[in-house]
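Engineer: Sequence:
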Amino acid sequence: MPVTAVSVTQSAPGWHPSPVEPLPHQLLAALALHRMATSQQLHTLLRPDTVRQTVATPLNRLRRQGLVDFTVLPASNRTRAWYLTGEGARLTRDFPALRGRPPYPITSATAASLKTPHTLTVVRTHLAFVADARRRGDEHAHLDWTPEVSHPLSDGERVIADAVMHYTLIRGGQRTKLRAFVEVDRSTMSSERLAAKLIEYARLWSYEPQFAGRQRPRTPAGMGAVWLRWYPVFPRVLVVLTGTSRYVLANRISDLQAMVTQHPLVTALGRDVPLGAAVLEDLEEHGPTADVWVPLAGGARQSWTEL
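The number in the working numbering is simply the position in the sequence shown, starting from 1, with 1342 added.
Quick caveat, the hints were computed from the structure, so don't treat them as lab data. Please note: incorrect hints may appear among the correct ones.
For lysine to any residue, the following SDA-like pairs were computed, each having C-alpha atoms within a straight-line distance of at most 20 Å [as the list claims (entries may be wrong)]:
| id | residue 1 | residue 2 |
| --- | --- | --- |
| 1 | K1457 | V1506 |
| 2 | K1457 | M1531 |
| 3 | K1519 | E1648 |
| 4 | K1457 | D1480 |
Using C-beta positions, here's what the derived DEER-type ranges look like [unchecked claim]:
| id | residue 1 | residue 2 | range |
| --- | --- | --- | --- |
| 5 | P1574 | R1613 | 13 to 21 Å |
| 6 | T1421 | E1534 | 30 to 38 Å |
| 7 | R1613 | A1439 | 29 to 37 Å |
| 8 | F1437 | R1613 | 19 to 27 Å |
Backbone N, C-alpha and C define an ideal beta-carbon position, used for all residues, glycine too.
Generate the whole structure from the sequences, applying the supplied hints.
Structural biologist: Quick look at the structure:
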């Protein structure tokens, strides 16, 4: 039966549909959100405790229906990276969980090959948080991570986060909502350009739109900040690094720390907002809640939740 069709048989009074989305819908939603993921990444994200065919079978069925396709990664033992077709992208725009989220579909093998390295590294980063949340009993699943989130700055400029993460920390029955802007650095840009990304977040943190030609609305101090349209608290900023030697990664983290101490606006941001950097391989080996994060404003390594 095509995924667009819904068949319900009411077998008894009081029957209600299951609140759990069928796996094909979850696969389509995950690909719509992440733009691309390998078979193994989708398996780890959605059905980690099952055999590989649990995910492979519906993926192949969706491909026959023309909703997804894949590209084979080079030098990878024929690893498949899946993405939505144009028809799949159109279908998922109506999914309730994806309403209001900007679509950035990859709908051709050529586009997939160009975006593969960065996109799959961002998915790797998400999987580290998902696996850690499962171990700890926290809440963080496949729809709690939105890549390529854009926010306006002054003069028509924008800051684009590699991802915005929503995470619910559970301790002794107490639920704490955490949010983070996540930047994934594969060491493909200069260290200076990476550090300058902190200036963009500092500008977003401080940006209050001006109202030309009319009186500005009266608001409490700081309550006119544009980010309050989306967040009750400014998300912490997490930089995840990979792609080169430990020595070079340590230098890049040092440059991030230097930006916090040398740029007045970033210094102010660091006093108000947690800023941290960590190596992706450390997140995968020890978990993001281990003491693997370097606080960019200074201090000993700690968990991202304690920054």
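Engineer: Does the Cβ distance between T1421 and E1534 fall inside 30 to 38 Å?
Structural biologist: holds (34 Å)
Engineer: Compare the distance between the alpha carbons of K1457 and D1480 with 20 Å, and conclude whether the hinted pair is satisfied.
Structural biologist: violated (31 Å)
Engineer: So if I understand the rule, the pair passes when the alpha-carbon distance is 20 Å or less; does K1457 with M1531 pass?
Structural biologist: It holds: about 15 Å lies between the C-alpha atoms, which stays within 20 Å.
Engineer: Run the distance test for K1457 versus V1506: straight-line Cα separation, threshold 20 Å.
Structural biologist: holds (19 Å)
Engineer: Between K1519 and E1648, is the straight-line Cα distance small enough, at 20 Å or below?
Structural biologist: holds (13 Å)
Engineer: Are F1437 and R1613 spaced within 19 to 27 Å by their CB atoms?
Structural biologist: Given range 19 to 27 Å: violated, Cβ gap about 40 Å.
Engineer: Can you let me know if the beta-carbon spacing of P1574 and R1613 is within 13 to 21 Å?
Structural biologist: Holds, at about 19 Å.
Engineer: Regarding R1613 and A1439, is the given constraint of 29 to 37 Å on their beta-carbon distance met?
Structural biologist: Given a distance of about 36 Å, which is inside 29 to 37 Å, the answer is holds.
Hints 4, 8 from the list above are not met by this structure, while the remaining hints are.
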